[in-house]
Structure formats: structure tokens, C-alpha cells
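Colleague: Chain residues, written in single-letter form:
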Amino acid sequence: MTKTADAVVIGGGIVGCATAYNLAKLGCKKVVLVEEKYLTSGATGRCGAGVRMQWGTEPNCILARDSIKMLENLEEELEYPGSIEFKQSGYLLLAYTEKMVEQFHMNIGLQHRLGIPSCWVTPEEVKEIVPHLNTQGLHGATYCPKDGHCNPFKTTDAYAQAAKRLGVEILTYTKVTDLPRNSDKIKGIETTAGIIETPLVIACAGAYTRQLARLVGVDLPIYPERHQILVTEPVEPLLGPMVMSFYHGTYCQQVPHGGFLMGLGDPHEVKDFNEDSTWQFLHETAAKITFMLPVLKEVRVVRQWSGLYDLTPDKTQILGAIPEVPGFFVAAGFSGHGFMMAPVVGKLMAEVMLGLEPQYPIEMYGVKRFAEGSLYVEPSVV
Amino acid sequence: MAGKEYAKEEEFTIICRCEDVILEEIHSFISRGITDMEQLKRLLRVGMGPCQGRTCSALLAGEIARTTGKYVGDIKFTTFRPLAAPIKLGILARGESHD
Ligand SMILES: Cc1cc2nc3c(=O)[nH]c(=O)nc-3n(C[C@H](O)[C@H](O)[C@H](O)COP(=O)(O)OP(=O)(O)OC[C@H]3O[C@@H](n4cnc5c(N)ncnc54)[C@H](O)[C@@H]3O)c2cc1C
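In the order they appear, the protein sequences are chains A and B.
Numbering (our numbering) for the first sequence: 14 to 395.
Numbering (our numbering) for the second sequence: 227 to 325.
Quick caveat, the hints were computed from the structure, so don't treat them as lab data.
Predicted, not measured: the structure shown is a model, and the values here were computed from it.
Any given hint could be a false lead.
To be verified - Within a straight-line C-alpha distance of at most 20 Å, the following computed EDC-like cross-link-like pairs (lysine to aspartate or glutamate) qualify:
no.: 1; chain 1: A; residue 1: LYS167; chain 2: B; residue 2: GLU264
no.: 2; chain 1: A; residue 1: LYS284; chain 2: A; residue 2: ASP327
no.: 3; chain 1: A; residue 1: LYS167; chain 2: B; residue 2: GLU251
no.: 4; chain 1: A; residue 1: LYS167; chain 2: B; residue 2: ASP262
no.: 5; chain 1: A; residue 1: LYS188; chain 2: B; residue 2: GLU235
no.: 6; chain 1: A; residue 1: LYS301; chain 2: A; residue 2: GLU246
no.: 7; chain 1: A; residue 1: LYS198; chain 2: A; residue 2: ASP19
no.: 8; chain 1: A; residue 1: LYS167; chain 2: B; residue 2: GLU235
no.: 9; chain 1: B; residue 1: LYS314; chain 2: A; residue 2: GLU297
no.: 10; chain 1: A; residue 1: LYS50; chain 2: B; residue 2: ASP246
no.: 11; chain 1: A; residue 1: LYS177; chain 2: B; residue 2: ASP262
no.: 12; chain 1: B; residue 1: LYS302; chain 2: A; residue 2: ASP327
no.: 13; chain 1: A; residue 1: LYS310; chain 2: A; residue 2: GLU297
no.: 14; chain 1: A; residue 1: LYS177; chain 2: A; residue 2: GLU90
no.: 15; chain 1: A; residue 1: LYS167; chain 2: B; residue 2: GLU250
no.: 16; chain 1: B; residue 1: LYS314; chain 2: A; residue 2: GLU249
To be verified - If you want a taste of the chain A side facing chain B, the calculated C-beta under 8 Å gives, among others:
no.: 17; residue: TYR51
no.: 18; residue: THR53
no.: 19; residue: PRO144
no.: 20; residue: PHE166
no.: 21; residue: GLU246
no.: 22; residue: PRO250
no.: 23; residue: LEU251
no.: 24; residue: PHE259
no.: 25; residue: LEU295
no.: 26; residue: ALA300
no.: 27; residue: THR303
no.: 28; residue: LYS310
no.: 29; residue: VAL312
no.: 30; residue: ARG316
no.: 31; residue: GLN317
No residue lacks a Cβ here, since even glycine has one placed at the ideal position from N, Cα and C.
Next comes chain B alone, as it looks inside the complex:
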């Protein structure tokens, strides 16, 4: 891909929909040597939104692999944390007894 076209595509490619992180930002961090998914998550918020990385983790791992030349299977994902899906505080407050 020609450099210029690529840059344009980067600007419009959203990697993390929840937190509005575009490919260009990911590339700028990777070029600073930050190629660890845990670090990218903390510095860019990629994967921190309501979907908790279910959409973007694979895209991000692919991008890290592509830019670093690593095998994608060697890119370590971030720790998946509870909850499995967003739940309202009001519902959690009622606990086990009311359901």
C-alpha cells in the first residue's frame, strides 16, 4: 500500500468503537515502542469501554503483529475482567434476594 493512502485510511479506521480509538493513534504508540496490549489499553483506553475489548482486541493484536513482525498467536491479550456484560448499579444493589 502506498504511504499516503495508508495514512488516510488510518485516520478513518476506528479500532475501538467504545472509546473512539483510531488506527493512527495505535500506530503512533507502537512507533514509540509500546507494543504491549496491557500498556496500550492503559494509555489509549482501547478495550476499556462497555464491550470490554470484545470487538477491538483481535484487531489490536493483528495490528501489533503486523507492525512488529511477531506471530499474532504470540501477542498476549489483556486480562479479561468481570462483569461479562454491563449491569446497572440499581440491579446489583438488590443482590441475590430479589431475583
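Chain A on its own, in the form it takes in the complex:
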């Protein structure tokens, strides 16, 4: 079976669904999205789904700031009958060393220049924001009340439903197996359900994007890395903002449903596709989080799972055209913060693919920065 399309999106996570919606909205007639399993089966359905503007590099601050602005009106824009459960109750980033205090003040300077309403808070002020927090050893924190959390399943569903209404065809349980070319130019995709001829292909395949790019002879520096996460039973509201400590490598947030989501960045994690869950993770996370929030000792864990980060050497995403292969585009390498950037990324990618002037220049996110050595090393990552 051979079909034709004006554009094909590979990957049914938040980035793929947002890109497909924006392509159709900008007038691209026949858009097909291809997903190997079901929508949100990748990192999107496994993530913490926190959204924050408090980053340490300009590229990340801009994408997060503008995405959060879009999330505020996303239900209306997408005419979603449900709720994406967007809650803006802030992010508190804890500083435990002098070096962190210094870095955070530098970050605040940058954030203020970009109009991000973050501020420095003393341990006493931290206690007012999160009365349950143990402030032992704490130097202070930065706080941004506009940061928050969304439901990743609903947000993706909102994009997918809106895309379908605009005529996008979504093929689930369909895997892309090859990317045929005509000399260098993209000619289409080969899938487990047949061939689709198209001049425009975008890979939004998370940690698997490197494999897809290899099919057209391009090597992207994107590495898979397991990140584990757990959720507790729902309890009464105890914690407003997301609490994040780069010192402990942890984050913890109570979602509107009442459960606490928490995770740990393990510096010893091997860069591969392993997605197993471990006892060690449960123990270490529980120890660190109950130190910070002793009130959680009595709360029960109901489930743990893991997902893959798609890491790049500077922990900044790769967005844009791949110059060697006309018609081939990439949006991946989100390094653990792609959910919160997807609203703007989906729009930018659709604009670039259709040859329109993007909202802002996206050259800085291009893959050639690695060859040129002009990296944006993000310091604020768990």
C-alpha cells in the first residue's frame, strides 16, 4: 500500500502531536503522524510534566517562558472538552552551596532580562511558601510563581484531537523502518504498514531520533538515559510548588489529583535504552525526599516506572532542518525538559517546515552548533 502526504511527523509524544497540529493549522493539507505504539507511550507519558521558566540559558528560558504563556490558553485554542490540569503554583529551586547561590543569582539576572518573574527567597521565606520543608543546610532558593505542572496525557490528547479535527491522520502501532531518499532529498517513509510518499518528514522520536537520522546517514549526538520516577497515593493538599534540589538531584511535586510525583537523577546511569525499575531508586528517593519533606514519611508509594531522557552534550534540544538531507527535520534531544517546551516548539517546527518565517530565529538550536563548538550548556538540570 502506498499513500502520499504533504508532511509526515514521526512520533506520537507531545512534540509530534503539537507539530502535527501546527502543520495542519498553518494550512498543510495532508499531514500524517506515525507512532510505533500508542500516543504518549514514550517519555511524554512517563515524565514529571513540570513546567518552569527558571532556566540557566537564554534558549531554554525563551522556549519555556513562551510555552507557559501558551499553556495558559491552550484549552481554548485547541477547543479541548476536558482539562489539561494546568496548575501554576510555582517552582522552588533549592540552593545548598555557595556555588549554587552564585549560579542561581546569575540565572535570575538572565531570567529578569527575559521578563521571567523569578526571585531569590531566604530560608525563612521558603518556610512560608512550603511550611513542611526542612530548611536544614539550606542557603536559600529561587522561586517563580508562574511555573507549574500539567497533565501530560491530557495535554497530548488535546493536541491530537485538535489535529484530527483539522484532518491530520494519526497512525498508531505503526513503526517507521526506513527513510527513502531521491539522491539526497527525502522521498517518504517506509513503515510496518506500508510506504508513505512525502517531501517533508520530521523526526520527533525522543531517544530514538538518533536511529532514525542514521537511516539517512546523519549522526546526531543524542543519547538515551534512564530516569526513574514514582507516584504516591493521593492525600490532602500539603505542597504547593514543585520542590527541586540540584544538590540532591531530586524533584518532588504534588499534582492536583493529590499524589506526589518524585524522581532522582542518577549520575552513574549508563547511556542505553534500559527502562527497568530498581529497588535502589525507591530507597534513595525515599531517603532524600523524607529528609526534605518529613511529612511524607507516612505517605505510601503506589507505583514506580522509568522513561528515557534524550540527552545532548549541552543538554539543549536540537531543532531544525538537517542541511545534508533536504526535507528532513528534527525536534529532539530535549534532555529531560521537552514537555514544557512543546507548545512553542510545535509551532516553530511547523513554521520552519513550511518555509515560513519562524517566530524567532532558531539557528541557535541547530545541529551545527556541535561541530562549531558554540554550545549552550544548561546548568539547571536534574
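Place chain B with the ligand on chain A using the hints.
Modeller: Below, chain B with the ligand without anything else, positioned relative to chain A:
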């Protein structure tokens, strides 16, 4: 079963006790074409509560089979994830050494 009676029964039939999901909601999602247990779990929270689907998974699979005409044995269950039973964070924090 007569349509009306059925609707009434739907309203009061709880499929997932932990997350309070009723049969009517399941039917509305199935009628939108969402017949995958993994998708229903993520969109409705069915099976995400403290019992982790031990009560509702079989009911849900039966309902999907009934409405789609598939054989119930062909309905794929969601991945079962640890822990086997809920455990307090305070106990997990103590780890192996104290037990
Ligand atoms: C534990 C954890 C916590 C996180 N917390 C946060 C957070 O708090 N905030 C935040 O913003 N981000 C967070 N992230 C990162 C976030 O999940 C990702 O950056 C984001 O979801 C990326 O979305 P995506 O659409 O690019 O990729 P994915 O959701 O991974 O989607 C890629 C899709 O492509 C499909 N695919 C792959 N290969 C093929 C193929 N050959 N053919 C067809 N389909 C294919 C996959 O099945 C998958 O569904 C977290 C990630 C993890 C793992």
C-alpha cells in the same frame, strides 16, 4: 437490555474503585475509538490507584471485548509496575539495614 435501563445501570456501575471511574465514562471513551487499555488508563486514570488495577483490569478488558466484539483473550493488559503493594516512604527510606 433496553437502552434506557442500560444507561441508568452505567451511571451507577463503578469500574475502578480507587479512582472512581464509572462504566459510563469508559463507554464514552470507547465510543471515541479509544479501546487500548494503556490509553484508557492514561486518560481516565482507571487502574492507577492504590490497587493498581487488580480489581478493575479484568472488568475493563471484559467491557472492551463486549463493546468492540473482540475476544477477551486478545485484549492486552497494561504493564504491571512495582510495587506489589503500597509502602510508606518512611519505611522505604530506612532501606535494607533496619529490617
Ligand atoms: C522520568 C522523566 C521525567 C521527566 N520530567 C519532565 C518534566 O518535569 N518536565 C518536562 O518538561 N519534561 C520532563 N521530561 C522530559 C519529557 O518527558 C520529554 O522531553 C518529552 O516528553 C519529549 O517528548 P517527545 O514527543 O519529544 O518524545 P516522546 O514522548 O519520547 O515521543 C517519541 C515517540 O516516538 C515514537 N517512536 C520512536 N521511534 C519510532 C519509529 N521508528 N517509528 C514510529 N514511532 C517511533 C515512540 O514510540 C514515542 O512515542 C521527563 C522525562 C522523564 C523520562
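Colleague: List in ascending order the numbers of the hints, as given earlier, that are violated by the structure.
Modeller: Violated hints (numbers, rising): 5, 8, 10, 12, 19, 22, 23, 24; every other hint is consistent with the structure.
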